[in-house]
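Colleague: Assemble the whole structure, with the sequences as input and the hints as a guide.
Top to bottom, those sequences are chains P and Y. Each residue of the first sequence is one higher than the one before, counting from 1 in the UniProt record's numbering. Each residue of the second sequence is one higher than the one before, counting from 1 in the UniProt record's numbering.
Take these hints with a grain of salt, some might be off.
You can't tell identical chains apart in this list, so a pair holds if it fits in one copy or across any two.
Said to hold, decoys possible - Here are the simulated BS3-like cross-link-like pairs (lysine-lysine), alpha carbons at most 27 Å apart as the crow flies: (1) Lys-291 to Lys-199; (2) Lys-65 to Lys-142; (3) Lys-275 to Lys-56; (4) Lys-162 to Lys-205; (5) Lys-275 to Lys-191; (6) Lys-215 to Lys-275; (7) Lys-3 to Lys-166; (8) Lys-205 to Lys-297; (9) Lys-191 to Lys-205; (10) Lys-199 to Lys-166.
Hints in this document: simulated from the structure, not taken from any laboratory.
Protein chains: 2
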Amino acid sequence: MSKLVIVGTVAFDAIETPFGKTDKILGGAATYIGLAASQFNTDGAIVSVVGGDFPKEDIDMLKDKGMSVAGLEIVEDGKTFFWSGRYHNDMNSRDTLATELNVLESFSPVVPESYKDAEVVMLGNLHPMVQMSVVEQMEDPKLIVLDTMNFWMDVAMDDLKKVIEKVDVITINDEEARQLSGEYSLVNAAKEIFTMGPKYVVIKKGEHGALIFHKDNMFFAPALPLAEVFDPTGAGDTFAGGFTGYLAKTGDYSFENMKRAIIHGSCLASFCVEKFGTERMQNLNRDEVNKRLHQFKSLTQYDIELT
Amino acid sequence: MSKLVIVGTVAFDAIETPFGKTDKILGGAATYIGLAASQFNTDGAIVSVVGGDFPKEDIDMLKDKGMSVAGLEIVEDGKTFFWSGRYHNDMNSRDTLATELNVLESFSPVVPESYKDAEVVMLGNLHPMVQMSVVEQMEDPKLIVLDTMNFWMDVAMDDLKKVIEKVDVITINDEEARQLSGEYSLVNAAKEIFTMGPKYVVIKKGEHGALIFHKDNMFFAPALPLAEVFDPTGAGDTFAGGFTGYLAKTGDYSFENMKRAIIHGSCLASFCVEKFGTERMQNLNRDEVNKRLHQFKSLTQYDIELT
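Modeller: Structure, rendered in structure tokens:
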């Protein structure tokens, strides 16, 4: 079992989907990543910042899940980061209704002393310079995984490229892979991104699954087709949390093990979307996960005699 | 080894893609289906119609591939069906530039006597009443597979529903599944389509792979991520030809075997798109196919210990 450092937002979200809407509820990339990683009883630490308005119960919940919150700064006279969005009918696209950075504006992450020797680092979606600051505080990480999005490509591409150079794995969606690489084909996009630094490129395609590329190898994990997707918020972060949580638990960073990690990530993400916000991930037990892993297996495993 | 009857168009296509354009070249659903099925040395017959302008060499090529053309009517003073289309940059959508029905307008399919006892019937995309006429000529088919498209849902839904009632398997794309069922979720769409007749629903998602549903079971086959897609024309028909060709060859119509059939169909479709028209499928050898089946296997197969 290796230690896992998670940097990312801990936030309030207000979400509208065709199924309903929420007031401010618990959200944030680091929250979803941490909840997913906790499924593996990972020794993980969340590095983030919240305001004085952030509920103590939510911090306690993260601690109960086994996450260290020593790196979670509380700015008593500040307000927690707030995001609000509305999903379209197809659930594949959304409009951002509000983004209030609040305490995030002057966030300077501090990795707790006892986690500077962590082997696995998960850089959740944040300004690339904040991500870089975490990388620089680590002693000798074995695996750094970066999540980012098109917004940073638009406004901070140079900074983003500097952090991309430092990481082993990048996880982005298909459109972002195309934007970052200038290549339409995802195969070519991954090859181009290899030249920027990462040895592994994970491309998230939402309901169409996820691909991981490494040298000339590729592996594909489907998303589980669901009768109803209730709220897609946090699915990508949950996927990343499952991926890094499994890798930290096993301490095996081979491509073969990354295949398993991707399946675990996809499996957990399939739960995340079943309820609003973090509700499903907070109340998820091992039996449910095992049952779904069987479903994933029967979804893609077959037996053909090859010559 | 079972016999396979294929009904569908044998046509001229003129195709424009971002990579170039063709004059009138060999095309048509039955052509692609037959070429794919011939990879399994299937005893297949193409039931279709062409005009006097159709090259004898193309008919000979189909015969050389082992396809019976006893059911291929030649209307000497008629012109062959012609379709012309232009693909958009993303290759996922296209505009139809011309559709000349010609001899197809009065086509009345005749299944050769020696193929009326075929076990497997592949109804390629055509007017549903033409598809129905083939169903009615068959003696005791074990498996009828229907391909269709949104056009027939728009102009002949009642006829289409009558033929859907008669078939075991329907293959349509995701948007068509939604249109036919009125359900957005593909899981719910498949359930709704079960009530219309088919026991198996295959949903083609193009570059995102294909799903097959049967009762409460589902199986997913990815499309092989390719560096370049040259021309998507015929990929869906090639998929259907690989699917039915493999099932006819093995004579095993179980869900387990359909999983293998879907993988074979996806594998062959991945070749089809590599060159314009039928060129790649005409010049495909067993070694290439075997090598690609290995690629498919490594793309999705993994080893997770389940509890």
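Colleague: Is the C-alpha distance from Lys-215 to Lys-275 at most 27 Å within one copy, between copies, in both cases, or in neither?
Modeller: For Lys-215 and Lys-275, only the inter-copy Cα distance (26 Å) is at most 27 Å; the intra-copy one is 37 Å.
Colleague: First find the shortest C-alpha distance between Lys-291 and Lys-199 inside one copy, then the shortest across copies, and answer within, between, both or neither for a cut-off of 27 Å.
Modeller: Between copies only: 25 Å across chains, 32 Å inside a chain, cut-off 27 Å.
Colleague: How do Lys-205 and Lys-297 come out at 27 Å by Cα distance, when the copy is not named: within, between, both, or neither?
Modeller: Both, since 19 Å and 20 Å are each at most 27 Å.
Colleague: Between copies, within a copy, both or neither: which fits Lys-199 and Lys-166 at Cα up to 27 Å?
Modeller: within (10 Å within a copy, 52 Å between copies)
Colleague: Should Lys-3 paired with Lys-166 be assigned to within, between, both, or neither, using CA atoms and 27 Å as the limit?
Modeller: Answer is within; shortest intra-copy Cα gap is 19 Å, inter-copy 59 Å.
Colleague: Between the shortest in-copy and the shortest cross-copy C-alpha distance, which are at most 27 Å for Lys-275 and Lys-191: within, between, both, or neither?
Modeller: Answer is between; shortest inter-copy Cα gap is 22 Å, intra-copy 36 Å.
Colleague: From the Cα coordinates, with 27 Å as the cut-off, is the pair Lys-191 and Lys-205 best called within, between, both, or neither?
Modeller: both (17 Å within a copy, 24 Å between copies)
Colleague: Which holds for Lys-275 with Lys-56 at a C-alpha limit of 27 Å: within a copy, between copies, both or neither?
Modeller: within (23 Å within a copy, 61 Å between copies)
Colleague: Under a CA distance limit of 27 Å, which applies to Lys-162 and Lys-205: within one copy, between copies, both, or neither?
Modeller: Answer is within: at 25 Å inside a copy they meet the 27 Å cutoff, but 37 Å across does not.
Colleague: Within a copy, between copies, both or neither: where do Lys-65 and Lys-142 come within 27 Å Cα-Cα?
Modeller: within (24 Å within a copy, 54 Å between copies)
In summary, this structure violates none of the numbered hints.
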